[in-house]
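Participant: Top to bottom, those sequences are chains A and B.
Just so you know, we're using this note's numbering here: the first sequence kicks off at 1 and counts up by one.
Just so you know, we're using this note's numbering here: the second sequence kicks off at 368 and counts up by one.
Keep in mind that the hints were calculated from the coordinates and are not lab data.
All C-beta atoms, glycine included, are put in the ideal place defined by N, C-alpha and C.
Please note that the accuracy of each hint is not assured.
[Stated by the list, open to error] List of simulated lysine-lysine pairs, DSS-like, C-alpha gap at most 25 Å: (1) A:Lys189 to B:Lys464; (2) B:Lys512 to B:Lys539; (3) A:Lys173 to B:Lys693; (4) A:Lys189 to A:Lys200; (5) B:Lys484 to B:Lys661; (6) B:Lys391 to B:Lys661; (7) B:Lys693 to B:Lys669; (8) B:Lys637 to B:Lys536; (9) B:Lys464 to B:Lys509; (10) A:Lys173 to B:Lys512; (11) B:Lys597 to B:Lys648; (12) B:Lys464 to A:Lys200; (13) B:Lys419 to B:Lys404; (14) B:Lys512 to B:Lys536; (15) B:Lys419 to B:Lys401; (16) B:Lys401 to B:Lys509; (17) A:Lys173 to B:Lys661; (18) B:Lys484 to B:Lys509; (19) B:Lys597 to A:Lys173; (20) B:Lys676 to B:Lys648; (21) A:Lys173 to B:Lys685.
[As the list claims (entries may be wrong)] Just so you have them, the derived chain B footprint on chain A, three or more residues with Cβ under 8 Å: (22) 14-24; (23) 84-93.
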Amino acid sequence: MSTASVQLPAWINYIVVPILNLVLAFFFSGLVVWAIGESPLEALRLLLIGALGRGEGIGFTLFYATSFIFTGLSVAVAIHAGLFNIGSEGQAYLGGLGAALVALSLDRYVPWYVTMPFAVIGAALFGAACAAIPAWLQAKRGSHIVITTIMFNFITSSLMNYLLVRVLIVPGKMAPETRTFLEGGQLPKLDWLISMFGGKLGAAPLNFSFLIALVMCFLVWMLIWRTKLGYEMRTLGISPTAAGYAGIPYAKIVMIAMLISGGLAGMMALNPVMGASARLQIEFVGGAGFVGIAVSLMGRNHPVGIILAALLFGILYQGGAELSFDMPSITRDMIVVIQGLVILFAGALEYMLRPAIVRLYQQISGK
Amino acid sequence: MKRTLLSLIALGAMSATALSAEVKPALVYGTGGKFDKSFNEAAFAGAEQFKKETGIEYRDFEPTSDTQGEQAIRNFASRGYNPVVAVSFAWTSAMEKVAAEFPDTKFAIVDSVVDLKNVRSVVYKEEEGSYLVGLLAGMASKTGKVGFIGGMDIPLIRKFGCGYVQGVKAAKADAQVFQNMTGTTGAAWNDPVRGGELTKNQIDQGADVIYAAAGATGLGVLQTAADNKKLSIGVDSNQNHLHPGSVLTSMVKRVDLAVYNTFKDTKDDKFTAGVQALGVKEDGVAYALDDNNKSLITAEMKAAVEKAKADIIAGTVKVHDYMSDKSCPK
């Protein structure tokens, strides 16, 4: 009998399998570290201490995780409707423009908590706008969403480059970036969250958008599993034919799913633009949109899974930076190798171990 | 590469113990990566030279993102490294923040200006150096058409392009200059394949000298020009040796000097903050002439470029700076 059809209990599917995958990934990363003549255990220790050892490290880890939660949710919402949105990178980039325009125009007049809701809306609108054209092309013209969204990443980066180099740049400055937002355009740091656990945030840019990300996780869960729209999206994702037969309008659902997806990606910009650097910088997304794909895959497209996967990637990013700082022989390219192995084992090869686990499970449970 | 890695491991191991108390230099590269044979590698060379002369070890770091760059600068400062040098304009805002947090640490930034009491800002008059190589390009070109390939489309690279065009026109007033930027993302600094494609395109249009100001992307430009028996011009580091006989010259930008001098001045307790603008006069930018390209530079070209150099130093020739008004004379 094929093992693929065997149902495994949830705790094996969602806890044991991911942990085993992770252990494998770290094992092979360890081999790589060992091969260049460093101690894998020491490397792992430095990585974990760097990411979780001090308040500041935790702050950075959560800061990175915040971005990945947004982009992970963005990818997940689209996947539920059967759409593979790989344009989160560009949607987040354009979202930054939305957030920055709000911050630049309001920061002089009002405190941050007044600016924030407008900035959230601005970021989401711009992100959604960036997803709207690919969505329309998919819905009405059948142009494949994967192709159009990835093309839009380049269109967005050219547009943003033009705006930052020609229009929004501070005259006389070399760096293509906007002016620094005043207090009214910045999201406050979450010092209190870290000090609740007795740590010190230090220079880490963990900010209010982390809480926005958590709220979005809840809203996405509500949307996907507790609303009619979510049901329609999932139906479409599982079987477009069945959805059509049931009278679910294809074009409308595709549009809505992609707009939400783009909006979530756009909100990612709140974190680096308004939370960390308080200005719109060139290339601020820095690959978070693509990491979102891995996060969503690893998190099984569920908000809780996405939070956990985003945390894992936050740890890898922050711990990786500290590791290559403390162990100069681990270059930045090595860190990319380690991240790649984690994505490979935890995301792409998720079913590699499954047959063995199923057989083991069947033996133990005696079926 | 492997050998370099291994020696770096050894270096890293030693540096932990060998660092003296007074001066613990640290260097943060731009996101293009340390061994780009260009900008960052020039900085690396400056640090290496300092190490060779003084025996003092230094630490360096290659950030992959803006957040990491700031973290690295702060990490170095908080662990007592002094001075901390960051190359690339990308670290401007990071430097502004971190330098204010550590007023007793000495910092230096290359390619950008940070106005703080403990920061030295080293900027270059790239337009002057680019003018000189543009002049050479204009004289060496047989078709009257030359090319420029920039990395990412940012003001800094336009500054290179603008000086180059002026130099070419000084040599041949009716010369045509094709200009292309490799891209609009940071990947444009590290895309030799695309650089090669653009070069091919410009060659097809008739260009026979192509100037690359594009970090590691330029390696593809130089390669393609060599493959097609055309001339190319390297940038930042002296790249004449990469394809002898094909690389006409290199616009050398002495990033190594900025790093070396900051390390050295801190050691000798002669560190000064403020802006240093290095042009042709200060030997901050220059055209490269060595055994690899001396057959390409005729006596007439050499005389012309030396005259232009003297004129710039004397002030009789003024090269327009793109940054001053965001435009380039046509």
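Participant: Confirm or reject each hint.
Facilitator: Hint by hint, here is what the structure shows:
With a C-alpha separation of about 15 Å, the suggested pairing of lysine 189 of chain A with lysine 464 of chain B holds against the 25 Å cut-off. This hinted pair checks out: lysine 512 of chain B and lysine 539 of chain B have alpha carbons roughly 10 Å apart, not beyond 25 Å. Restraint check: the Cα-Cα separation between lysine 173 of chain A and lysine 693 of chain B comes to about 11 Å, which is no more than 25 Å; the hinted pair holds. For the hint pairing lysine 189 of chain A with lysine 200 of chain A, the CA-to-CA distance comes to about 12 Å; that is within 25 Å, so the pair holds.
Taken as a hint, the lysine 484 of chain B and lysine 661 of chain B pair is broken in the structure, with Cα atoms around 44 Å apart against an allowance of 25 Å. A threshold of 25 Å between alpha carbons decides the hint, and for lysine 391 of chain B with lysine 661 of chain B the separation of about 40 Å lies outside it, so the pair is violated. A distance of roughly 31 Å separates the Cα atoms of lysine 693 of chain B and lysine 669 of chain B; the hinted pair therefore is violated under the 25 Å criterion. The straight-line distance between the Cα atoms of lysine 637 of chain B and lysine 536 of chain B is roughly 42 Å, outside the 25 Å bound, and the hint therefore fails.
The hinted pair formed by lysine 464 of chain B and lysine 509 of chain B fails the criterion: a straight-line CA distance of about 51 Å is larger than 25 Å. A hinted pair counts as satisfied when its Cα atoms are at most 25 Å apart, and lysine 173 of chain A with lysine 512 of chain B does not qualify at roughly 32 Å. Restraint check for lysine 597 of chain B and lysine 648 of chain B: the C-alpha separation of about 31 Å exceeds 25 Å, so the hint is violated. This hinted pair checks out: lysine 464 of chain B and lysine 200 of chain A have alpha carbons roughly 18 Å apart, not beyond 25 Å.
Restraint check: the Cα-Cα separation between lysine 419 of chain B and lysine 404 of chain B comes to about 20 Å, which is no more than 25 Å; the hinted pair holds. Only pairs whose Cα atoms come within 25 Å are accepted, and lysine 512 of chain B paired with lysine 536 of chain B is accepted, the gap being roughly 11 Å. Between the alpha carbons of lysine 419 of chain B and lysine 401 of chain B the distance comes to roughly 18 Å, so the proposed pair stays at or under 25 Å and holds. Of the supplied pair hints, the one linking lysine 401 of chain B and lysine 509 of chain B is violated, its CA atoms being roughly 36 Å apart against a limit of 25 Å.
Taken as a hint, the lysine 173 of chain A and lysine 661 of chain B pair is broken in the structure, with Cα atoms around 38 Å apart against an allowance of 25 Å. For the suggested pair lysine 484 of chain B and lysine 509 of chain B, the alpha carbons sit about 51 Å apart, so the restraint of at most 25 Å is broken. The hinted pair formed by lysine 597 of chain B and lysine 173 of chain A fails the criterion: a straight-line CA distance of about 36 Å is larger than 25 Å. Of the supplied pair hints, the one linking lysine 676 of chain B and lysine 648 of chain B holds, its CA atoms being roughly 8 Å apart against a limit of 25 Å.
For the hint linking lysine 173 of chain A to lysine 685 of chain B, the alpha-carbon distance of about 21 Å falls within 25 Å, and the restraint holds. By the rule of at least three residues with a Cβ nearer than 8 Å to a Cβ of chain B, the coverage given for the stretch 14-24 of chain A is violated, with 0 such residues. Check result for the stretch 84-93 of chain A against chain B: violated, 0 residues qualifying (beta carbon to beta carbon below 8 Å, three or more required).
Violated hints, in rising order: 5, 6, 7, 8, 9, 10, 11, 16, 17, 18, 19, 22 and 23; the structure is consistent with all others.
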